[in-house]
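Spelled out, the chains give:
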Amino acid sequence: MLDWKKIVREKLGSLPLETSRQDEIVEELAQQLEAAYQEELAHGVGEVEAVRRSLRQFQDWESLRRDVFESVGGARLPVWQLNTILSPRRLPVWIALAVSLAFLALPSFRKALQILPLTNHRDAWSSSAFSEGALKQIEKSQDKQKYARTLAYVALHSPDSQQAAAAAEKAVALDPQLTWICAKLSHANYLVPGYDPTPWINRLKAWDPGNAYVYLLEAGAAVHSDWEAHWAKFSPVEDGELRRALVADPRWRIPMEKAFSAQRMDMYTDRQFLLDREVLLERGLDRPEKLLIASANMQLPDFTLVQMYVDHLALDVAESEEKAGHLVNALAIYQDIVSFGYKLQSRPTSVERMFSTRILDETFQKMAPLLRREGRNAEANAVESALAAARAEDPRSSIPAVPAQQSPAQRSGQMVMISGFFLLLCAAAAAVWLICVALLRTKPNLSRSMNWMASCLGWAPLLLPLSCLGLFLSFFPYSRSIAGYSSAGELIQTYDSLLAGVYILHLDPFLDIWIDHMFWPLIWCSAIMLLGAAYLSWMARQQCGQQSGLEGKS
Amino acid sequence: MGTALDRELKKGNTELLILALLEEQSRHGYELGKLISARSEGILRFHVSSLYPLLYRLERRGLLKGEWKPVGGRRRRYYRLTPAGRKTLLEKRLRWRDFSGAMNRIVEVRCA
Numbered sequence: 066m067l068d069w070k071k072i073v074r075e076k077l078g079s080l081p082l083e084t085s086r087q088d089e090i091v092e093e094l095a096q097q098l099e100a101a102y103q104e105e106l107a108h109g110v111g112e113v114e115a116v117r118r119s120l121r122q123f124q125d126w127e128s129l130r131r132d133v134f135e136s137v138g139g140a141r142l143p144v145w146q147l148n149t150i151l152s153p154r155r156l157p158v159w160i161a162l163a164v165s166l167a168f169l170a171l172p173s174f175r176k177a178l179q180i181l182p183l184t185n186h187r188d189a190w191s192s193s194a195f196s197e198g199a200l201k202q203i204e205k206s207q208d209k210q211k212y213a214r215t216l217a218y219v220a221l222h223s224p225d226s227q228q229a230a231a232a233a234e235k236a237v238a239l240d241p242q243l244t245w246i247c248a249k250l251s252h253a254n255y256l257v258p259g260y261d262p263t264p265w266i267n268r269l270k271a272w273d274p275g276n277a278y279v280y281l282l283e284a285g286a287a288v289h290s291d292w293e294a295h296w297a298k299f300s301p302v303e304d305g306e307l308r309r310a311l312v313a314d315p316r317w318r319i320p321m322e323k324a325f326s327a328q329r330m331d332m333y334t335d336r337q338f339l340l341d342r343e344v345l346l347e348r349g350l351d352r353p354e355k356l357l358i359a360s361a362n363m364q365l366p367d368f369t370l371v372q373m374y375v376d377h378l379a380l381d382v383a384e385s386e387e388k389a390g391h392l393v394n395a396l397a398i399y400q401d402i403v404s405f406g407y408k409l410q411s412r413p414t415s416v417e418r419m420f421s422t423r424i425l426d427e428t429f430q431k432m433a434p435l436l437r438r439e440g441r442n443a444e445a446n447a448v449e450s451a452l453a454a455a456r457a458e459d460p461r462s463s464i465p466a467v468p469a470q471q472s473p474a475q476r477s478g479q480m481v482m483i484s485g486f487f488l489l490l491c492a493a494a495a496a497v498w499l500i501c502v503a504l505l506r507t508k509p510n511l512s513r514s515m516n517w518m519a520s521c522l523g524w525a526p527l528l529l530p531l532s533c534l535g536l537f538l539s540f541f542p543y544s545r546s547i548a549g550y551s552s553a554g555e556l557i558q559t560y561d562s563l564l565a566g567v568y569i570l571h572l573d574p575f576l577d578i579w580i581d582h583m584f585w586p587l588i589w590c591s592a593i594m595l596l597g598a599a600y601l602s603w604m605a606r607q608q609c610g611q612q613s614g615l616e617g618k619s
Numbered sequence: 019m020g021t022a023l024d025r026e027l028k029k030g031n032t033e034l035l036i037l038a039l040l041e042e043q044s045r046h047g048y049e050l051g052k053l054i055s056a057r058s059e060g061i062l063r064f065h066v067s068s069l070y071p072l073l074y075r076l077e078r079r080g081l082l083k084g085e086w087k088p089v090g091g092r093r094r095r096y097y098r099l100t101p102a103g104r105k106t107l108l109e110k111r112l113r114w115r116d117f118s119g120a121m122n123r124i125v126e127v128r129c130a
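Chains as they are written, first to last, in my numbering: chain R, 66 to 619; chain E, 19 to 130.
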């Protein structure tokens, strides 16, 4: 004789109900099975087949268990009573959480997390790595070079101009080879009232007198400190008015002359790249995106002013010589412009190359006919070849009119962004699930809504390792240490497209709008929603009470 | 009765089916399942795993009352309608009549 109650009890498992009610349910379901079994036997079905057919009535016992509890108890089965794969009583969820945490042990995974739009501040600065305390510790370590390097990094990238200036003073005092960092302070602080870049420029001129860049900075500083307020006086329409006024000022003209006659042009980008890379590694910030941003934080000269000086040479001086019939003198001036253009063209960034190509293009076009007029056809041909080569070098010529298909790096970046988004979503849901589950473990009847939330969010711990894996795999090909990059160009080539993919959504304006304008409305709406939900719940309970009362009277 | 629409129709009217079958007399779960199949001539089949949760839900809402009764030396749980259940049945039946009448007037109009 089959014990149907035992079978039901085993398959259904325990229900968090009163024992008597649970026994009643088990007995009733057992009677259902037994009745079906007897009916099958009466139809001549064999005993084993009859049992099988009878049990087939309830295929999913766990689902039945949940439904029965929900129907009897009027609430979801407590999360700690679930027997599904999502249950906190079973290992899979905890294994999934452990695997997710284990991903944090992988440096590539941590790097991928750090470049995500919501976690990354997108600057080269780190207030903790370069705090006063951290700098004092390095100072105490007696490693003078390391301290000087770190101070130089602070001078180059600190958002606080006073801190930057103080750090630069100390760094140069410790290691005079770092005097090039004065370029940063000679250039970027025009907007600070009373700031005088002259001492920094003079120091730089004394240290590196053959560098055109230093004189471009000097010319720029002269114009921006004294002239900027008066620019409005010069009509932008009347051609050359401002240019001629500037040429009349020796504080601008003389440094520009020196810049154009200097032997070399070094904007210290290579030095800065090596310093940034070394300091970031020393401070434990093996972060390619920080190095990329640090490398981009260089001090470009004011190309508008350079263009004015080129115009002065070409339009005011060379053309006058041409008109006067002194073609050799005119050609010599054009040659000076070309030499300067080539010095600029050797720089790695597209801004400088675009500017130099423009200078070369304009100047070669003027030189070629002059050389032919002089009968120097071989030189004219050479100039025309150089013109074609300069145009081929133009970074703008490599930009297609119609955007090309996305590069693999950009697609990887998008994958990083999507996986990262899901990871943050799953992590937030898993954290809420964990809190609810922990609270319900200590007090099972704490809150129905908390139990409902824990039941609904049970998927989060299982999806978390998958999103971690997605993020890890999409970033892994780019997870090389910054120690492996020897130049800013190499880093840009590898990471530019990847980061363009990662930051494609530009979340900052969205977040700013939400934080600035929508925060309090959101809080108020949530409060009203909660009050409404509470009122509806109270109404529903009142109705239930009235129905019970009606039945009681009957 | 296998399509999604059929399932929706059935889902919306299962309570009515149960309440209607208990109008005349009290019945146990097995009997209710059998009656639905028999009276609909096999067109409507009620899955047992949905039947019992539904009975418990109706009982919790006060529309049914479950009682154990001795039958052949054993006890069996019978369900009967409560006054609230009768009232609900009346409302649901009226609504069903309106609905099915309206449907018939549209669907059967060509046959008239």
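It cannot be assumed that every hint is accurate.
Below, a sample of chain E positions facing chain R; criterion: calculated Cβ distance under 10 Å [claimed, not checked]: (1) S44; (2) R45; (3) H46; (4) E49; (5) L62; (6) H65; (7) V66; (8) L69; (9) R78; (10) D116.
Calculated cross-link-like contacts (lysine-lysine; reagent style DSS-like; alpha-carbon spacing at most 30 Å) [stated by the list, open to error]: (11) E:K52 / R:K70; (12) E:K87 / R:K76; (13) R:K408 / R:K76; (14) R:K76 / E:K52.
What the hints contain is simulated information worked out from the structure, not anything from laboratory work. Cβ coordinates follow ideal geometry from the N, Cα and C atoms, glycine included.
Against the structure, the hints come out as follows:
Interface restraint check: E:S44 against chain R, minimum CB-CB distance 14 Å, threshold 10 Å, status violated. With a least beta-carbon distance of about 13 Å to chain R, the hint placing E:R45 at the interface is violated under the 10 Å criterion. Residue-level restraint check for E:H46 holds (minimum Cβ-Cβ distance to chain R is 7 Å; threshold 10 Å). Taking 10 Å as the C-beta contact cut-off toward chain R, the hint placing E:E49 at the interface holds, the least distance being around 9 Å.
Against a cut-off of 10 Å between C-beta atoms, the interface hint on E:L62 is violated, since the closest Cβ of chain R lies about 16 Å away. Nearest Cβ of chain R to the Cβ of E:H65: about 8 Å, under the 10 Å cut. The hint holds. Interface restraint check for E:V66: the shortest CB-CB distance to chain R comes to about 4 Å, inside 10 Å, so the restraint holds. Using the Cβ-Cβ criterion of 10 Å, the hint placing E:L69 at the interface with chain R is satisfied: the shortest such distance is roughly 8 Å.
Interface hint status for E:R78: upheld, as the beta-carbon distance to the closest one in chain R is roughly 6 Å, under 10 Å. Evaluation of the E:D116 hint against chain R yields a violated restraint, the C-beta minimum of about 24 Å exceeding 10 Å. Between E:K52 and R:K70 the CA atoms are separated by roughly 22 Å; this keeps the pair inside 30 Å, and the hint holds. With a C-alpha separation of about 26 Å, the suggested pair E:K87 and R:K76 falls inside the 30 Å cut-off, and the hint holds.
Our distance criterion of 30 Å between C-alpha atoms is broken by R:K408 and R:K76, whose separation comes to about 83 Å. A distance of roughly 24 Å separates the Cα atoms of R:K76 and E:K52; the hinted pair therefore holds under the 30 Å criterion.
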